[in-house]
Amino acid sequence: EAQVTQNPRYLITVTGKKLTVTCSQNMNHEYMSWYRQDPGLGLRQIYYSMNVEVTDKGDVPEGYKVSRKEKRNFPLILESPSPNQTSLYFCASSRGNGETQYFGPGTRLLVL
Amino acid sequence: GQSLEQPSEVTAVEGAIVQINCTYQTSGFYGLSWYQQHDGGAPTFLSYNALDGLEETGRFSSFLSRSDSYGYLLLQELQMKDSASYFCAASSSGNKLTFGGGTRVLVKP
Chain A
1 EAQVTQNPRY LITVTGKKLT VTCSQNMNHE YMSWYRQDPG LGLRQIYYSM
51 NVEVTDKGDV PEGYKVSRKE KRNFPLILES PSPNQTSLYF CASSRGNGET
101 QYFGPGTRLL VL
Chain B
1001 GQSLEQPSEV TAVEGAIVQI NCTYQTSGFY GLSWYQQHDG GAPTFLSYNA
1051 LDGLEETGRF SSFLSRSDSY GYLLLQELQM KDSASYFCAA SSSGNKLTFG
1101 GGTRVLVKP
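Protein chains in written order, with our numbering: chain A, 1 to 112; chain B, 1001 to 1109.
Careful, some of the hints might be misleading.
Stated by the list, open to error - The calculated label-pair distances, taken between Cβ atoms and stated as ranges, are:
id, chain 1, residue 1, chain 2, residue 2, range
1, A, K17, B, A1050, 22 to 32 angstroms
2, A, N28, B, R1066, 25 to 35 angstroms
3, A, L110, B, T1057, 31 to 41 angstroms
4, A, E79, B, E1005, 13 to 23 angstroms
5, A, T13, B, T1044, 24 to 34 angstroms
6, A, I77, B, R1066, 15 to 25 angstroms
7, A, E53, B, E1077, 19 to 29 angstroms
8, A, I77, B, S1027, 41 to 51 angstroms
9, A, K69, B, E1077, 44 to 54 angstroms
10, B, E1056, A, S82, 42 to 52 angstroms
11, B, G1053, A, K65, 12 to 22 angstroms
Keep in mind the hints are simulated off the structure, nothing from the lab.
All C-beta atoms, glycine included, are put in the ideal place defined by N, C-alpha and C.
Just chain A, same shape as in the assembly (with noise of 0.2 angstroms):
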């Protein structure tokens, strides 16, 4: 089945401590973003990649990283979370600009 997975689904945490949200699709896609989401300001990007090793900024790209050293995974590294972080949390995949994005379930992140 085709999909886009994302783990953890539900993160609580601390200011201060690391976490890696992973994704993984099965797809083949080249391209992949991670986006946030949060009430009343729709999904915003926090950054993509059109290819392995090559990642680029979103809208809101502060305070996160990313790597792509697979074509299947890109994974969201939160360095020192803060609670301006406390999310909800896209990964999405396509086959290109403008191709159908197909989105993860989703990760329910709260910040303390």
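Here the structure of chain A is known, so what remains is to put chain B in place on it, guided by the hints.
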């Protein structure tokens, strides 16, 4: 910067037609997508317009006018299951995708 404007909420009855407008200001614009998201779920792709005109997919249609920086999603023969949030999203260079704030559609019996 990039910005997209769409109404925050629309209410309609079953069987009705709803049009959700989206205006955008995006540099390096490629095309306009529409996504549906039910409460607690992930966004799912509905349609994509790269060229001017109307794209029809079953009960849903999407329109784009590049000269007016405007598009809309048309939901016909509304069903209760269409109650959800709908987002327009503008693609630009690379895989940059900017979403509007979303329109919550409430379908009443």
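Evaluation of the provided hints:
1. The hinted range of 22 to 32 angstroms is not satisfied by K17(A) and A1050(B), whose Cβ atoms lie roughly 43 angstroms apart.
2. Hint check: N28(A) to R1066(B), Cβ distance near 31 angstroms, so the stated range 25 to 35 angstroms holds.
3. For L110(A) and T1057(B), the hinted distance range of 31 to 41 angstroms is satisfied, since their beta carbons lie about 37 angstroms from each other.
4. For E79(A) and E1005(B), the hinted distance range of 13 to 23 angstroms is not satisfied, since their beta carbons lie about 34 angstroms from each other.
5. Checked against the hint of 24 to 34 angstroms, the pair T13(A) and T1044(B) passes, with Cβ atoms roughly 29 angstroms apart.
6. A C-beta distance of roughly 37 angstroms is found between I77(A) and R1066(B), which places it outside the suggested range of 15 to 25 angstroms.
7. Taking 19 to 29 angstroms as the suggested C-beta distance range, the pair E53(A) and E1077(B) does not conform, at roughly 47 angstroms.
8. A beta carbon spacing of about 29 angstroms between I77(A) and S1027(B) contradicts the range 41 to 51 angstroms that was offered as a hint.
9. The hint said 44 to 54 angstroms for the Cβ distance between K69(A) and E1077(B), and at roughly 47 angstroms that hint holds.
10. Between E1056(B) and S82(A) the beta carbon distance is about 46 angstroms. The supplied range of 42 to 52 angstroms therefore holds.
11. For G1053(B) and K65(A), the hinted distance range of 12 to 22 angstroms is not satisfied, since their beta carbons lie about 41 angstroms from each other.
Hint compliance for this structure: hints 1, 4, 6, 7, 8 and 11 are not met, and every other hint is.
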